[in-house]
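Construct the entire structure; sequences and hints are all you get.
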Amino acid sequence: MDRRLDEGGAPLSSAFRERRAALALLAPALLFLAVFLAYPLQGILRESFTQEGGFGPLTEDTYFLERAWFTAWQATVSAGLTLVLALPVAYVLACYEFRGKAALEALITVPFVLPTIVVAVAFTALLGPQGVVNGALQAVFNLDEPPVRLLNTLWAILIAHVFYNVALAARIISVSWARLDTRLEDAAAMLGAGKGTAFLRVTLPLLRTPILAAASLVFLFCFTSFGVVLILGGPQYGTLETEIYRETLFLFRLPVAATLAIVQLIATFGAMWVNAALQRQTAQPGAMRRRSLAWTTGRRLTVAAIVSTIAVVTIVPLVALAERSVHGDAGYTLESYRRLDDNVRQQVLFVAPITAVRNSVSFALLTMLVALPLGTLAAHGAVRLRSSLAEAVVQLPLGVSGVTLGLGFLITFNRPPLDLRGSPAMVVIAHTLVAMPFVARTVAAQLRSLDPRLREAAAMLGASPLRAFVAIDLPLTWRSMLAGGVFAFAISMGEFGATLLIARPEYPTIPLAIFRYLGQPGAVNYGQALAMATILMAVTAAGFFIIDRLRYREYGGF
Amino acid sequence: MTDGLDARNVEFRAGPAHILRGADLRAGTGTTIALLGPSGCGKTTLLRVIAGLERLSAGQILFDGEDVGGIPPHRRGFGLMFQEHALFPHMDVERNVDFGLRRLGWAAERRDRRVGELLETVGLGGFGKRTLEGLSGGERQRVALARALAPEPRLLMLDEPLGSLDRGLREHLVVEIREILRHLAIPAIYVTHDQFEAFTVANELAIMRDGRVVRVGAPGDVHGQPGTEFVARFLGMDNIVDGVRDREGMIATSAGVFGPVAGPPGAVRLLLRTEGSAVVEADGPNVVRGLVVARVFLGGLTRLVIDTTAGRLEFPMQTAPAGMAEGDEIRVRVEKVQPLISEPAEPLSK
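Just so you know, the protein sequences line up as chains A and B, in that order.
For the first sequence, my numbering begins at 58 and goes up steadily by one.
For the second sequence, my numbering begins at -2 and goes up steadily by one.
The hints are simulated quantities; they were obtained by calculation from the structure and are not laboratory data.
Treat the hints with care, since some could be wrong.
Cβ-Cβ distance ranges computed for the label pairs, FRET-style [claimed, not checked]:
{"no.": "1", "chain 1": "B", "residue 1": "Ala105", "chain 2": "A", "residue 2": "Ser521", "range": "20 to 30 Å"}
{"no.": "2", "chain 1": "B", "residue 1": "Leu295", "chain 2": "A", "residue 2": "Trp535", "range": "53 to 63 Å"}
{"no.": "3", "chain 1": "B", "residue 1": "Glu176", "chain 2": "A", "residue 2": "Trp352", "range": "52 to 62 Å"}
{"no.": "4", "chain 1": "B", "residue 1": "Gly134", "chain 2": "A", "residue 2": "Val373", "range": "49 to 59 Å"}
{"no.": "5", "chain 1": "A", "residue 1": "Trp535", "chain 2": "B", "residue 2": "Gly134", "range": "25 to 35 Å"}
{"no.": "6", "chain 1": "B", "residue 1": "Asp21", "chain 2": "A", "residue 2": "Trp535", "range": "44 to 54 Å"}
{"no.": "7", "chain 1": "A", "residue 1": "Val527", "chain 2": "B", "residue 2": "Arg52", "range": "17 to 27 Å"}
{"no.": "8", "chain 1": "A", "residue 1": "Ser521", "chain 2": "B", "residue 2": "Glu117", "range": "25 to 35 Å"}
{"no.": "9", "chain 1": "B", "residue 1": "Glu8", "chain 2": "A", "residue 2": "Val527", "range": "33 to 43 Å"}
{"no.": "10", "chain 1": "A", "residue 1": "Val527", "chain 2": "B", "residue 2": "Gly19", "range": "32 to 42 Å"}
{"no.": "11", "chain 1": "B", "residue 1": "Ser54", "chain 2": "A", "residue 2": "Ser521", "range": "22 to 32 Å"}
{"no.": "12", "chain 1": "A", "residue 1": "Ala244", "chain 2": "B", "residue 2": "Glu117", "range": "52 to 62 Å"}
{"no.": "13", "chain 1": "A", "residue 1": "Ser521", "chain 2": "B", "residue 2": "Glu8", "range": "22 to 32 Å"}
{"no.": "14", "chain 1": "B", "residue 1": "Gly19", "chain 2": "A", "residue 2": "Ala95", "range": "46 to 56 Å"}
Quick caveat, the model's predicted, so the values are computed rather than measured.
Heads up, the beta-carbon is just placed ideally off N, CA and C, and yes, glycines get one too.
Given below as structure tokens:
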């Protein structure tokens, strides 16, 4: 045990008692994960070894191999393209201070927090046959046919993936970049290296680890990308994720779906492991933040170009979505919003959009109600245990894609003791699994900065552990809990993959309703899809800005 | 029944580390004990075990004869002032001090009065509504003291309360703390590694080494008769040489002959005390001869560092001899010598 004892070091904690209390705090989350994550995954594993499953279909038929290859390939290319765009942005964020920088950082992060379905619909609104770009080109050049045909191509998928992840990659890289000692570059310059050489030989090699960490994370997200591939890629581009969905819901070949899910799980946990290892290497606490570079005309122009490019790339698809949602044949109209309570098809399985909104809000509130206490307690347990293993376990659901989760639920919770068939509880549970890691991570980050001696001081003044929690922990960490709650709400509102598999048709959520309307012909359906996507975008973006504000206000020195 | 604190044979292990190895500490009413010792000797841990923040592995902690070892910290009725204070950052000065009073369930009016009195006592009258951010290090230290005193603890412990402050402020505040502690009729334990703080604040010293309390006594007694080489060196007495005692009690060392000191003949470790030492002209008993390595001007004193055949020795002098330069030969007469028990240090962890 390598803890400093006595003077100066962190205060000792009564090892045994503290451990037991920490485990008790972790217990609810661990139990939840055991029942609702480990058990379904076990079900998937078992299913994949039934007769029609196994790895037979994968090797006999090159179809699945091609899909697996395509999945990895598109994820790699997406990660590469994302880095190309992220590096200049990281450079600006790391090396310069300017007015509005925090706002810029928040703005470019918005795409990352948007539900996949919103991003997918936004790109149809921008680049689709009735999209903004084609509309404008047709009007200007008097064309009969839409000239840009990006939908259902590989490019649509790649562009959406880059749009989605560029801010994430830029932020990861810029944090390390900002900590690089500027004197290293100065030293290289003194040794005769030009700016280009210094960047290639000094800066870039030093940023290798964070760049790889960012790449592995983007790879992970793109590997399990679902909504974007399904909606923008069209039928001829399938990834493992869309294939699992197809095998499950349309071909009813559950063993094959399960086998594909296992293959995907191996890949995602591998990527998660690589990413965790890289991030551990990246963590260098206490390093100084570098000073802003001095402004020269050349630098001003460079920064202005990068900032305006990224801002435009971020804003245009979102504005396009909002614009199309109020766009009618005869000018702008709120028709699509007015018809949100109109069930155009008049079928049982098609509900009015407003019903979907109501469903989503209910699910999101319930998810928040479950995920917030579970995640908060788990964060307390993991932080008090000072165990990175415990924190990693709580983060495990992040390695399981939505569709895999849905598949696991379908094949395990269909018989006693846990027969949840058709129960709305399944949706809440699935959403909680996805949201809890975010809650735990957010709360843990603030808890770690809480001096454990404050709790001890409270105890010495007569406060019981519960009293100390109420008087010390709550008031000092409520911001992170609020942020965690908003996270949980937003994640639930946007969750698509798992919900698609397990939600009952008569209880669709907003993403499901959008997806269905997109699949229907007719302007009214598309208009309603756009309107709902716009509402969802507004709700999640608002949630994100709340979280962002909560994070940047911390208690001043003590 | 012993009144006040009686910690007996306290053991504490954290994993493989054996931090407290049978520490004994007694503090009766009106006693302020300074708990002294080098870094890592277990001072803070002993406080935390007494406070109940750590559970002792073996031994007993009695208060007024009652075993409190199984009582959780918030019910022991002890006060602890933390290193770096651990003030509640989300509360103002008043609410920090009030925190313990609320736990006692006092009425608002009585609490207000008590908070006001305490803030006056520590010299922060009118600071109640201030936030912590605006306070200096010394003011925070006072808030921490007021907060620890507020619920009228039956034992007050202070863990290096002045550790984070600069020297001038420390010397000033330690006198104030001494005044406040003298007026309280409760036992107090003051952890420090600074012997001057200890001498100022305490009427009893307890010196710790490797998880045990190795010496207890009034400051004058401990300083006057350190007894062991460890205590002597810890209190800054480093002029220690090897010698052999003859039947007359004279002790021959390679730096000269000292004594007489009664005792059995044979090898001894000898402390050459510096009180009353003076530069002399002639060799003789109780005179050390050496070369001046350094003369360090310390304001009121001059420290002479001299190399002798028995090693390097240091003597603070009230009046430094004029004309003495580094490299000159010098003779210093030693007024008092004491034989010491020398025991090997034990490793802290096994």
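Structure versus earlier hints, numbers of those that do not hold, lowest first: none
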